[in-house]
Amino acid sequence: MTNGGGLLPIIALLPFLGALIPGIMIRAGRNACAAFTAVPTIVALAMLATMTPQVMAGEVLTAQITWLPQLGLSASFFLDGLGLMFAFMILGVGLLITLYARFYLSGEDPMGQFYTYLLLFQGAMLGIVISDNILLLLIFWELTSLSSFLLIGYWKHLPEGRQGARMALAVTGSGGLAMIAGMLILGNIAGSYNLTDILQQGDAIRASDWYLPALILILLGAFTKSAQFPFHFWLPHAMAAPTPVSAYLHSATMVKAGVFLMARMWPVLAGTDAWFYIVSITGLVTMVLGALIALFKDDLKALLAFSTVSHLGLLTMLLGFGTEKAAIAAVFHIINHLTFKAALFMTAGIVDHETHTRDIKRLGGLAKFMPITALIGTVAALSMAGIPLFNGFLSKELMLEEAAHTAWYDNHWVVPALATLGALLSVAYSLRFIFHVFAGPARDDYPAKPHDPPFGMYAAPALLCVLVVLIGVMPALATPVVKMAANAVTGTELSFYLKIWHGVTPALIMSIIAVVGGAILLGLHRPLERVWNAAPRPEAKAIFDALMAAAVGLSTRVTEGLHNGAISRYLAIFVAATVAMTWVAFSGGTLSPSTREFLPVAPVAAIGWVLLMAATVLVVFNHRNRFRALVLIGIIGLMISGGFVYLSAPDLALTQISVETVTIMLLLLALHFLPKTTPSESSAGLRLRDGAIAIAAGVGVAALSMAFLMRDFDTISEYHLANSYEGGGGTNVVNVILVDFRGYDTFGEIIVLGIAGLTIFALMEALLNGPASRRLRNTDYSQDRSRDRHPLMMVVATRAMLPIAVMVGVYIFLRGHNQPGGGFVAGLVISIALLMQYMASGFGWTQTRQRFEYHSMIGWGVLVAGITGAAAWLGGAPFLTSIYGYIKLPWIEKFGLGSAFMFDLGVFLTVLGAVMLMLYSLSRIARYAGETVNIEPMDYDPSLKPELKKPEEG
Amino acid sequence: MELLVASSVGVLTAGGVYLILRLRAFPVILGLALLSYAVNIFLFSTGRLLVNAPPVLNKYGDAVNTDPLPQALVLTAIVISFGMTAVLVMIALGAFLEADHDKIDMTDEPEAEAMGEERGA
Numbered sequence: 001m002t003n004g005g006g007l008l009p010i011i012a013l014l015p016f017l018g019a020l021i022p023g024i025m026i027r028a029g030r031n032a033c034a035a036f037t038a039v040p041t042i043v044a045l046a047m048l049a050t051m052t053p054q055v056m057a058g059e060v061l062t063a064q065i066t067w068l069p070q071l072g073l074s075a076s077f078f079l080d081g082l083g084l085m086f087a088f089m090i091l092g093v094g095l096l097i098t099l100y101a102r103f104y105l106s107g108e109d110p111m112g113q114f115y116t117y118l119l120l121f122q123g124a125m126l127g128i129v130i131s132d133n134i135l136l137l138l139i140f141w142e143l144t145s146l147s148s149f150l151l152i153g154y155w156k157h158l159p160e161g162r163q164g165a166r167m168a169l170a171v172t173g174s175g176g177l178a179m180i181a182g183m184l185i186l187g188n189i190a191g192s193y194n195l196t197d198i199l200q201q202g203d204a205i206r207a208s209d210w211y212l213p214a215l216i217l218i219l220l221g222a223f224t225k226s227a228q229f230p231f232h233f234w235l236p237h238a239m240a241a242p243t244p245v246s247a248y249l250h251s252a253t254m255v256k257a258g259v260f261l262m263a264r265m266w267p268v269l270a271g272t273d274a275w276f277y278i279v280s281i282t283g284l285v286t287m288v289l290g291a292l293i294a295l296f297k298d299d300l301k302a303l304l305a306f307s308t309v310s311h312l313g314l315l316t317m318l319l320g321f322g323t324e325k326a327a328i329a330a331v332f333h334i335i336n337h338l339t340f341k342a343a344l345f346m347t348a349g350i351v352d353h354e355t356h357t358r359d360i361k362r363l364g365g366l367a368k369f370m371p372i373t374a375l376i377g378t379v380a381a382l383s384m385a386g387i388p389l390f391n392g393f394l395s396k397e398l399m400l401e402e403a404a405h406t407a408w409y410d411n412h413w414v415v416p417a418l419a420t421l422g423a424l425l426s427v428a429y430s431l432r433f434i435f436h437v438f439a440g441p442a443r444d445d446y447p448a449k450p451h452d453p454p455f456g457m458y459a460a461p462a463l464l465c466v467l468v469v470l471i472g473v474m475p476a477l478a479t480p481v482v483k484m485a486a487n488a489v490t491g492t493e494l495s496f497y498l499k500i501w502h503g504v505t506p507a508l509i510m511s512i513i514a515v516v517g518g519a520i521l522l523g524l525h526r527p528l529e530r531v532w533n534a535a536p537r538p539e540a541k542a543i544f545d546a547l548m549a550a551a552v553g554l555s556t557r558v559t560e561g562l563h564n565g566a567i568s569r570y571l572a573i574f575v576a577a578t579v580a581m582t583w584v585a586f587s588g589g590t591l592s593p594s595t596r597e598f599l600p601v602a603p604v605a606a607i608g609w610v611l612l613m614a615a616t617v618l619v620v621f622n623h624r625n626r627f628r629a630l631v632l633i634g635i636i637g638l639m640i641s642g643g644f645v646y647l648s649a650p651d652l653a654l655t656q657i658s659v660e661t662v663t664i665m666l667l668l669l670a671l672h673f674l675p676k677t678t679p680s681e682s683s684a685g686l687r688l689r690d691g692a693i694a695i696a697a698g699v700g701v702a703a704l705s706m707a708f709l710m711r712d713f714d715t716i717s718e719y720h721l722a723n724s725y726e727g728g729g730g731t732n733v734v735n736v737i738l739v740d741f742r743g744y745d746t747f748g749e750i751i752v753l754g755i756a757g758l759t760i761f762a763l764m765e766a767l768l769n770g771p772a773s774r775r776l777r778n779t780d781y782s783q784d785r786s787r788d789r790h791p792l793m794m795v796v797a798t799r800a801m802l803p804i805a806v807m808v809g810v811y812i813f814l815r816g817h818n819q820p821g822g823g824f825v826a827g828l829v830i831s832i833a834l835l836m837q838y839m840a841s842g843f844g845w846t847q848t849r850q851r852f853e854y855h856s857m858i859g860w861g862v863l864v865a866g867i868t869g870a871a872a873w874l875g876g877a878p879f880l881t882s883i884y885g886y887i888k889l890p891w892i893e894k895f896g897l898g899s900a901f902m903f904d905l906g907v908f909l910t911v912l913g914a915v916m917l918m919l920y921s922l923s924r925i926a927r928y929a930g931e932t933v934n935i936e937p938m939d940y941d942p943s944l945k946p947e948l949k950k951p952e953e954g
Numbered sequence: 001m002e003l004l005v006a007s008s009v010g011v012l013t014a015g016g017v018y019l020i021l022r023l024r025a026f027p028v029i030l031g032l033a034l035l036s037y038a039v040n041i042f043l044f045s046t047g048r049l050l051v052n053a054p055p056v057l058n059k060y061g062d063a064v065n066t067d068p069l070p071q072a073l074v075l076t077a078i079v080i081s082f083g084m085t086a087v088l089v090m091i092a093l094g095a096f097l098e099a100d101h102d103k104i105d106m107t108d109e110p111e112a113e114a115m116g117e118e119r120g121a
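As you go down the protein sequences, you meet chains A and B in turn. Counted the way the UniProt record's numbering counts, the first sequence spans residues 1 to 954. Counted the way the UniProt record's numbering counts, the second sequence spans residues 1 to 121.
There's no promise every hint is true.
[Stated by the list, open to error] Capping the alpha-carbon separation at 27 Å, the derived lysine-lysine pairs in BS3-like fashion look like this:
1. A:Lys368 <-> A:Lys449
2. B:Lys103 <-> A:Lys676
3. A:Lys541 <-> A:Lys156
4. A:Lys499 <-> A:Lys325
5. A:Lys888 <-> B:Lys59
6. A:Lys541 <-> A:Lys361
[Claimed, not checked] Facing chain B, from chain A, some residues (calculated, C-beta under 10 Å):
7. Ser568
8. Phe598
9. Met764
Bear in mind the hints are in silico, worked out from the structure with no lab data behind them. Predicted model, so just to flag it, every value in this text is computed and none were measured. Glycine is no exception: its CB is placed at the ideal position from the N, C-alpha and C atoms.
Based on the provided sequences and hints, a complete structural model is requested.
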């Protein structure tokens, strides 16, 4: 779905795709790398240019790629005047920065990385300004935080870089989180997550009860991003970044994202008292405070950083005023600030690059050595000061004019006075930038001999300065762009002309006061600085670090209180929380009356119940004696199997009893190597607590079970009963469900079982190759062994029973589809038959008679089941569709045969393979523990003559 | 009868929960086994109880059948829980052989460090 904006998703994607290139192209050299970085930017610019005429004509271009429209999730983009202006700024400055960085970065800096990060950031920023869907916008918003983290921390070896990056991420990231909440509220009020829809619903949103929370949360995001007081402190610390990054992120783009967002949301959020006071007060305070601090900073970049804070405050204040003229001034100042501030940052970078210092106290008189740089710096700084004929003057005039007409709580002089003070301070620090760096007598103690840089390095700032002067002299040039963007911000058609001379207005008088006052202030800089340095000031970084430490400390205490590495504690918390939540859920609902009668209790059932209860209680009280506990577990399993028989579940009974057998064998084998008793470690209090938790859980589960048992409710079971014979060709509904109705589940389950078997095998291999095998070899288990390990009676009996047991297994398997039985049970039965051989004659003897590997049996089982399922595709039916028919062979009665039979065979093989592999793995430990491999089937074989036996014993 | 089944589920759960809160691997495994029993019976009981009504159709189609679906689900659950128990046993055994104790809590930092050194050596 597009409306002339078909290129927008491509534009958004281009920088991200382009980000892959620099890392590769760096091998071709630094020039090639920089050139290829410029390509996606230039292509995006060209695409943007094709759309410009339509947007200038007032059209809004959109493009939408739907993903989950039910949730309001779609990748939708739109381009209006504001977005276009920002997109051009982002890409244009991006291009200049690419050029500048090529010369700025030294040979030791990994340039490929830098350009990759830069393009990532550019893509994220571009995404913000052309996103229509606010959820998409939020993603791009967070991406700018992340990519700016990488850029600020680009010089990983500098601790300031790492700390600055972390601080920026923490502040802007947490603001972003607040904004997510605000945007979700906004989307909820508007009923749509598309900006184009939200922007239409300003009245409804402002009238909503949720307006204030949404406003505050969104402003938190915008203020943190745009470094507004009291979140301004991260920006100066982010100056540890390379200067191209500062010029790009911290003058032109990222910090403007907050301003952009406020401008974007202006038609929806502005126009209320809350907006007016929160935004304009924050803006004005930031503007004055930033300018004041900037005046006393000696680091060139710190000066510029605080001046940026101040100008961002100015923009915020203008948007806060909420009038159309203020919006025009804001849009115009965004452009102007971009041009002079980026140029100033690049100038500062050049000075740093050539003199190896940014300390204003060590500079001065540079105009003689680097005249071109001095000219660029002076032009840009004069614009920042707001001197006529430079573009900064024009937008500052507009700002002062608006400030002169703005009243706070009916007070008419506070805003104009403070705005003039801000402008005055701005003049002072701008002039300081000129006079303390470039003017003055030449010095002979620069850290390096200064000279002008190569053309490539000053080309970018020079171009920006040309713009500064052009707009400053002929503001009409900028009028269409400002009009286009301001129309988009206000949502109305504005008519105005930008000009230099407005007559003698209050703004002009305020401006004159500012320039004169600023010049005087600079003259008094030295004494004032002494006062400033003597005055106590809160150190933002110390406060931030203390806050961070407190947050880390708190979360450490919470985490370690809950998760201290003791699994018994997690489990206790988990069970207690589950019981508590269930209780909350239960007490909040209603329970329907029971609809079923109690079944009568037969004496046999009562006996089974008593045994089960007694065994369970005994297990708990005897669990320290591990062997006894195992025997008791066996009783429980047996009683449960009996219960299944009694309660019409023959399949379950068969499965339970055979699983019980192998489980007990497995645990017995394991217990051979484990301590035979559990020491008493927990205190009485702990046991009491665990007991209370256990009883609460037990009572809860019993009540829940009772509630189920006494009520009738509709299930899908009737369908299975009705279709088992016609659809599945079997009368044992449980088996038909397993191999047919829910064959996919079963297929997954046998795979899980197979994986469990292989996991155990792998674990055992790893264990036996590690230090454990040494321990095993050195432990003496000989005292545990029976004197008659392979008794004659048992050997003979199991040999005789093997064919019978296998016969029973085959029988159970074959009848499974129509009578209780099937692959699962048959697999277990046969594995028990084989296990008996292991028990009777030992590991070595049995192993030599094994004809197939258990691993491959698992594989074959899964394969057979899978192929059976896939065979349905040949008939054009979905996976695991079963077919069956009847076959009549001579001598045998007519019988049914279906594809389910083959599937069940797969189940059988997997179960058999997995169970055998598990126990086989355990028995391998025994061999490591010094178990001798017996060749003979039994210890004393009466059929052998004693004299033949004697040499072996010796 | 329903009371017997529900109380069995409750007692098995309580026993299982108590045992998994112990500090050694073996009781925890036993506790999980008890919990598996409890869960299996609970799931089975959601099909409600019937005596002498196995879910096997007879020739005449007039048999009373209990709910087959929970039975099918529990059947695989029984086999899978065996697999799970086996994996746990193996992990517990491995841990015991490597560490020479079968404690399950890892709050004892110095010991863990000493172990790491021993392994590195």
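Now for the hints, and whether the structure bears them out:
For the hint pairing Lys368 of chain A with Lys449 of chain A, the CA-to-CA distance comes to about 12 Å; that is within 27 Å, so the pair holds. Our distance criterion of 27 Å between C-alpha atoms is met by Lys103 of chain B and Lys676 of chain A, whose separation comes to about 14 Å. With a C-alpha separation of about 20 Å, the suggested pair Lys541 of chain A and Lys156 of chain A falls inside the 27 Å cut-off, and the hint holds. Only pairs whose Cα atoms come within 27 Å are accepted, and Lys499 of chain A paired with Lys325 of chain A is accepted, the gap being roughly 14 Å.
Straight-line distance between C-alpha atoms of Lys888 of chain A and Lys59 of chain B comes to about 19 Å, which keeps the hinted pair within the 27 Å bound. In summary, the hint linking Lys541 of chain A to Lys361 of chain A is supported, as the alpha carbons are separated by about 23 Å, within the 27 Å threshold. Satisfaction of the interface hint for Ser568 of chain A is found here, the shortest Cβ-Cβ separation to chain B being roughly 5 Å, below the 10 Å cut-off. With 10 Å as the threshold, the beta carbon of Phe598 of chain A comes within range of chain B, its nearest partner Cβ sitting at about 6 Å, so the hint holds.
With 10 Å as the threshold, the beta carbon of Met764 of chain A comes within range of chain B, its nearest partner Cβ sitting at about 7 Å, so the hint holds.
Figure legend: structure checked against the earlier numbered hints; every hint is met.
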